[in-house]
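K.L.:
The chain contents come next:
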Amino acid sequence: MEDTEIIDLYFARSEDAIRETADKYGAYLHTIAYHILHREEDTEEVLSDTYLGTWNAIPPEKPRVLRHFLSRITRNLSFKRLEYLGAACRSAETVELLSELEACLPDPRADIERHLDAQTVSQVLNRFLGSVNALEAAVFVSRYYYAMTVKDVAEKYALPERRVKYILKCLREELRKRLMKEGIGV
Amino acid sequence: MKDLINEAVGLIDDQYLSLTEKPAEEILEMSKHQKSIVSVRKFARTVLLAAVLVSLLTVTAFASGIFSLDKRPAASDETYTIHWGDSEWGSGGSITWKDLKYVFKFDGPDACKEVRFKPGWLPFEPNPLMNSWSQDEDGWYSRLVSEGADEVDSMSSNYQPYRVETYYASRFYNDGAMLLMYQTPEEITEEQWGDLKVLRFHAYQDLPANDYTEARHLDYYFVILFSEADGWITVVSGTSDMDTVAHVAKELSFKETGNILKSSDFENNAVFIDVGQG
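Top to bottom, those sequences are chains Z and X.
Throughout, our numbering is defined as the position within the first sequence, counted from one, plus 552.
Throughout, our numbering is defined as the position within the second sequence, counted from one, plus 38.
If we strip away everything but chain Z, and leave its shape as in the complex, we get (with noise of 0.2 Å):
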């Protein structure tokens, strides 16, 4: 089925949308909420609380990209039962995972949260990664939003490791030094 058809559904308030939903992307959501938790019984709480935001949240919202919808939806809830799970059950993954986007700021002591909002910060991530080319945006993505190992990251590219993390590595840098050009965390 389009998009375009379970999105009317949606609107439609018919329980045959959340059906549609879970045949064409239950896979691909289930696939970022492991990624990120590591655990089967949390990520199936997680995909049915996907399907239950989404049922919330459309209308009013009418998605453009209805997989990236729902990914963020997914990606969102699995960070937070993560949270939820608290530290013991993280896996070496996820922490490793987090540490690295940590390094991205200028300084991660810094008390900043009362001025700015994600908002704020995702426009100047999104200007970095629209000034690097596709395939280091596609890395980025691929490792810090899917949750991606980076072994699995260098097949999907068919890169050597050792050169996904270095492409990391140099993203990270040069992403803080934009954060901190911006004025963030300084």
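Mixed in with the good hints there might be a few duds.
[To be verified] Derived CB-CB ranges, DEER-like:
#1 Z:A564 to X:I226: 53 to 61 Å
#2 Z:E654 to X:A62: 48 to 56 Å
#3 Z:E654 to X:K60: 27 to 35 Å
#4 X:W231 to Z:E654: 42 to 50 Å
[Unchecked claim] Listed next, the in silico EDC-like pairs over lysine to aspartate or glutamate satisfying Cα-Cα at most 16 Å (straight line):
#5 Z:K721 to X:D312
#6 Z:K632 to Z:D601
#7 X:K288 to X:E229
#8 Z:K721 to X:D233
#9 Z:K576 to Z:E593
#10 Z:K717 to X:D108
#11 X:K60 to Z:E654
It should be emphasised that the hints constitute simulated quantities derived from the structure, not laboratory data.
Where a beta carbon is used, it is the ideal one built from N, C-alpha and C, also for glycine.
Since chain Z is already given, all that's left is putting chain X on it; use the hints.
P.N.:
Here is chain X on its own, set in the frame of chain Z:
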């Protein structure tokens, strides 16, 4: 802060999320015609620390191996065996190091660019006799140590105010390691100085009392400069203080010799970096 950046990543535009859905070949093809921050960095790579820049000898077609460092306290049963051959000093043998304090492991190809260094600042001049063998005709060092400014220093616990030594990840290629055998590091902080990863830490050693001296607590300071691109590791350490050791480190300049060092160029795959030892 971590949550903020993670949340921001969750708001990445659809156009960038879509990139990951394209076939890898298409992404690679697209990238050929676009500016890469990675290749720009590689092209502009220098091995410079502070203000003094020494031009690199050659930019060769050396495969840009990427090295990584892993550090951890030594396992209680972890050992490294060192062998040496017959020499004018005696016959060959081996020794197994155990009861280690800390381990630095390196990952990367079995090929590192050899570098030499020159100090831009030292708290006092090194003893020329002690360092002549490690200095080339142009004054570049492979190793530089000081045993103190005067005899009082050399007789006290403050017996090695600074020391600079360079190691290579390829030396540790076959499951080797750079070790702290006696000195226990406290918190190790990581920084980035240009293209170099920098580890800084204070280490200590508690010596028990004996017939001649009271129990002593000794402090040591380390700044480790690690080239993730070329695999060399320069350890600046000493008994003076962190500011002095860091100052020495910051003012170092480096040049490549043009030699490539492989694991087979080294007699052993482990070395200890404790100050005042060895």
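K.L.:
A separate judgement is required for each hint: does it hold in the structure or not?
P.N.:
Each hint, compared with the structure:
{"no.": "1", "hint": "Z:A564 to X:I226: 53 to 61 Å", "verdict": "holds, 59 Å"}
{"no.": "2", "hint": "Z:E654 to X:A62: 48 to 56 Å", "verdict": "violated, 28 Å"}
{"no.": "3", "hint": "Z:E654 to X:K60: 27 to 35 Å", "verdict": "holds, 29 Å"}
{"no.": "4", "hint": "X:W231 to Z:E654: 42 to 50 Å", "verdict": "violated, 20 Å"}
{"no.": "5", "hint": "Z:K721 to X:D312", "verdict": "violated, 30 Å"}
{"no.": "6", "hint": "Z:K632 to Z:D601", "verdict": "holds, 11 Å"}
{"no.": "7", "hint": "X:K288 to X:E229", "verdict": "holds, 12 Å"}
{"no.": "8", "hint": "Z:K721 to X:D233", "verdict": "holds, 11 Å"}
{"no.": "9", "hint": "Z:K576 to Z:E593", "verdict": "violated, 21 Å"}
{"no.": "10", "hint": "Z:K717 to X:D108", "verdict": "holds, 14 Å"}
{"no.": "11", "hint": "X:K60 to Z:E654", "verdict": "violated, 28 Å"}
Checked against the numbered hints above, the structure violates hints 2, 4, 5, 9, 11; every other hint is satisfied.
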